[in-house]
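Using the sequences and the hints given, assemble the complete structure.
These protein sequence lines are chains A and B, in that order. Numbering of the first sequence is given in the numbering used here, commencing with residue 1 and proceeding in unit increments. Numbering of the second sequence is given in the numbering used here, commencing with residue 1 and proceeding in unit increments.
For lysine-lysine, the following DSBU-like pairs were computed, each having C-alpha atoms within a straight-line distance of at most 35 Å: (1) A:K590 to B:K186; (2) A:K357 to A:K306; (3) B:K61 to A:K67; (4) A:K67 to B:K346; (5) A:K165 to A:K145; (6) A:K67 to A:K98; (7) A:K165 to A:K118; (8) A:K118 to A:K145; (9) A:K306 to A:K590.
Please keep in mind that the hints were generated in silico from the structure rather than gathered at the bench.
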Amino acid sequence: MFEHAARCVIIATVGIATAAPGIELPTPSQQPNPIVDFETQVIPVLTKAGCNSGSCHGAAIGRGGFKLSLLGYDPQADYDSLVSEFEGRRVNQVRPEKSLVLRKPALDIDHEGGLRLKPGGDGFRIVRDWIAAGAPRGGDRRLLKIEVAPTTQWLPDLGGQFSIKVLAHFATGDQRSAVSIQQTSEDVTRWAVFTATDPAATRVDSSGAVTVLRRGQTSVMVRFLGEVAAVTVMVPINEGGDAPANRPLANFVDEHVNRTLDALRLPHSPRTDDRIFVRRVYLDLIGVLPDPAEVDAFVADRAADKRQRLVEGLLDRSEFADLWALKWGDLLRIESRRLQPEGAAAFHSYIRDCVAKNTPLDVMARTMLLATGDGYAVGPANFSRVPRDAREAAEHVSRVMLGVRLQCANCHNHPLDRWTQDDYHGLAAVFARVDRSREVKLVARGDVIHPRTGRPAVPRIPGDRFIESPDATTWRDQFADWATSPVNPFFARVAVNRIWRELMGRGLVEPVDDLRATNPATHPELLDALAADLASHRFDVRHTVRTVVTSEAYQRSSVSQSGNRADDRFCSKALVRPLAAHVLIDAVVKVTGVTERLGDLPGGTPAISLGDSRVASEPLDLLGRCSRDAECSAATASSGSLPLALHTINGPWLNAKLADPAGRLARLLTTSADNAAIVTEFYLIALSRRPTQAELNHWHDGLAAADSSGRVAALQDFCWALLNSAEFGCNH
Amino acid sequence: MRRCDGVNRREFLRIGSLSAFGLGVADALRRRTAAADDGLRNCILIWLDGGPSHLDTFDLKPDAPAEVRGDFSPAASDVPGIQICEHFHRLATMMHRVCLVRSMTSPLGEHNLGSHYMLTGYQPSPVIEYPSYGSVAAACRGDAGVLPAYVAVPSFNAHAANGYLSGSMRPFAVGGDPSKPDFRVKDLDAPAGFDAARLDRRRQFLADFDRLSAQVEEGAFRQTRDAQFEQAYRLIASPAAKRAFNVGEERPAVRQRYGMSRIGQSCLLARRLIEAGCPFVTVTDNGWDTHGQIYRELKEGYVGGYAGKIPLLDAALSTLLDELAASGLLDETLVIVMGEFGRTPKLNTAAGRDHWPRAFSVLLAGGSVRGGQVVGSSDARGENAADRPVSPTDLARTIYTLLGIDPDREFQTADGRPVRVSPGGQVIRECLT
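See below:
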């Protein structure tokens, strides 16, 4: 006891707690005269007991006439509810045990919520002690942060168990004066709320003990007083055996990927061969099938660094700018109904220019955030024209620039993350004085009313600080400075996450624009390393693209090994990815030699060069192109639909091209080429390889069965099947 | 009319979800013999998207203060003691067919979350996407007929989709607007000069391609594509099935009775599809997210208009029930009418109501549903379920029971995780005969 008190004093005078999890620190009920702090001790009890959850008193109108703020985000309102409302019967300072806030959850009286605080238990005692001390408001103790241990736990097998410890760091003292602020730490495991992200994979009890039920990687969420954290849990996917020694390693990406493969005991697929590599990297970087001559030249090249040089060459091609401007367009929602054709064209042109010149990402972001002027002439000004009002602007900016979905914090503090209503409405306030009509400009008036105060929200950098300056013309600048700073925790991470998803098929965080503590990355250190790398290279996007594409992880074959068949996120093999709508349209054009009609644009316009998502094209719609009138966070999924199947079988998209007299097949038929030569040419252009002998034999037999009058039809059918084959329609 | 959040529903729920891998296992299950013999064969789910106000449709509170009771009054129906909104003139004459649940309650007041919960019986999860009733029914049914086993009229609803089940359980959306004169389901007929033999050769060649090439393993892309193509071939080969989609074939008098509105002609199309053998149709009616000008939206649509949500639904639903009953199909068909939540008891400053999931109403009719009754009730202001609260999970279990599907039956996801069709809940016994 004396030892504990002495340690407490020492910590207090030193100022910084040095406790690590595992050391037992005093809890209030062990101290001689417990001073119970409402915000940091009573509220956690109510949260742990579930009182302020969304299905009970934390609901919008509360429950049974008693309302608490959702998960305790508004301590003042909760204090008023408890102490002042209901004629003070909830809290009885003369006879604390008679307080309704004790009697009901102890089931001393009827309580729909059941038994929540066992009489005499820790929680009951804390609330009781607080009431007995006069139900003080307190408020000079606040949470600085929580530390969770372990943050990652590897277990060798199923059925393994471990315990999570939660350490909270508090600052005590008059918050307004810097004098006499003490920092303390306390083990708050008892009061943290633990939730398994996947209850079928892990079971976690209220004390933080975790049992693993399924192999693989999963997480457990930890919440205490508005702070949230995730604990990653890993159990090898394959039992027994040794990890392969010396997995191939090209750069730091592989260090992180291989380490996780080792921990999960996943075998890796070998490097993919040159032909497949060429086709893959052409489609990923420039959205175009390689010419057979280009493929042959690459295969014949003996240089050791030929893959790196191929990548460099592709980054410089104009199609790289087309394709990546298209991806940007989906993110920035460049479409002509909101922006008008002129605005959409100007915006697309600006973006394409940036990609072509490799404009640093922070420069692009600043320009888009701050641009003013005529949207028809000033491309980046259209960034501000997409959202309809300040709140939409806050949501759009946070999603695009920070990878954060702020929406929930509109009505209450975000239940899954740290964002508050102040953050949401404060960020909206930053963008409230913007006129979003054709001419984008700053205006003198415009406020966002904070729903809790009923007064104009104070402009705020989310999660960081209120903006002090009264000069509204600087608010967006201050946000832009913060967002694009190299130490901003979100900007670079969401950027590299998106690049990773485009190239690898799945983001390190999914959905790609939902970065939050409770949605951990599959490879958190890798995400951090890529982000730091981007920031330290002047936000050079091509640098990150290059880093990813030259890694061994990217170059793996998509063919499964025994033991990694089900892997869809640990990069033990490449993922098979259906071609995106625009890329597929262009690939079909290239193979058939017949152009695709896109709106009123000139024949031969590549689909990947389209700036507006509203250009009329039935195949593009059926293939699932992003309409851009709302968010499209997933990569365009041509995962098939019955209307698409019907159109592919019966519609003109493929059929007209195959019958076109100017098309590749028709032209070949006017030459003396035999069936084998025709088959080979189509394989080369569509699949970047020659048919195997078995394939040649098969097509020889299949096509020979048709007589001369049926030869054309038979070859058309062969082409139709080729265009629908998985090998053509996917990037593998 | 858009929903207030304008978010693309398709994307919202993919919170770290498994990718939509096809299921060898589920496909094998599909080939089992058809659904259980007890249980209704068909279902028409009319989805009132946006969250219809319970206080202005089926659960009016004439004694509440003015700012709660609103402009509409209740009127008697053909069932003594059951009153619904005065503007449901025709539905009021057939409430003897309807089981009205007034004590639905849910904690989820956001469109995507609430919709997912109501359409699957599961609260949305970051780990897995759950399938909706139509997809589960399709998976349980075994090989359906020529028509798709699950059709969405007119548009695809991302929350009423196939979840972790294979892509072949995805609903087939007819697209367009069945009330428009040029409505047709496209690409149902093979091009000129294409006979069955030609289509067959293409099918064979495609299978050959994938078999010969070792490059892309059997997986999601091939399975989904194959399932969709198979379905397409069956449809193309059946003139009778194709005719079912042609609402233009109906007599004008019949079309008028449903109403020449999107909801009216969608219900008519649903009837035709059920008659032609499609077992599950979802009809989506947008525009119930009435945050402002609720009485104009519900009664007239626009000032002086005839496009109010209630009269249009009234004509469509009552005609649908009538026609199904007349043909005897109603005995084999479950009809569900619902939205994702109700609306706030207190009118807001824009003369509308906002989201309110704590109490709302759902209608069930047809087959073995016991009509002519109200189950549960909300309190005096329609704020809470006062008596006999029913959760979306309870409703899901009831729906599956009515359809003869075992709610505790398990399917497997792509990575071998067993998932039950319904996560518990209690069947609403009062709804069953």
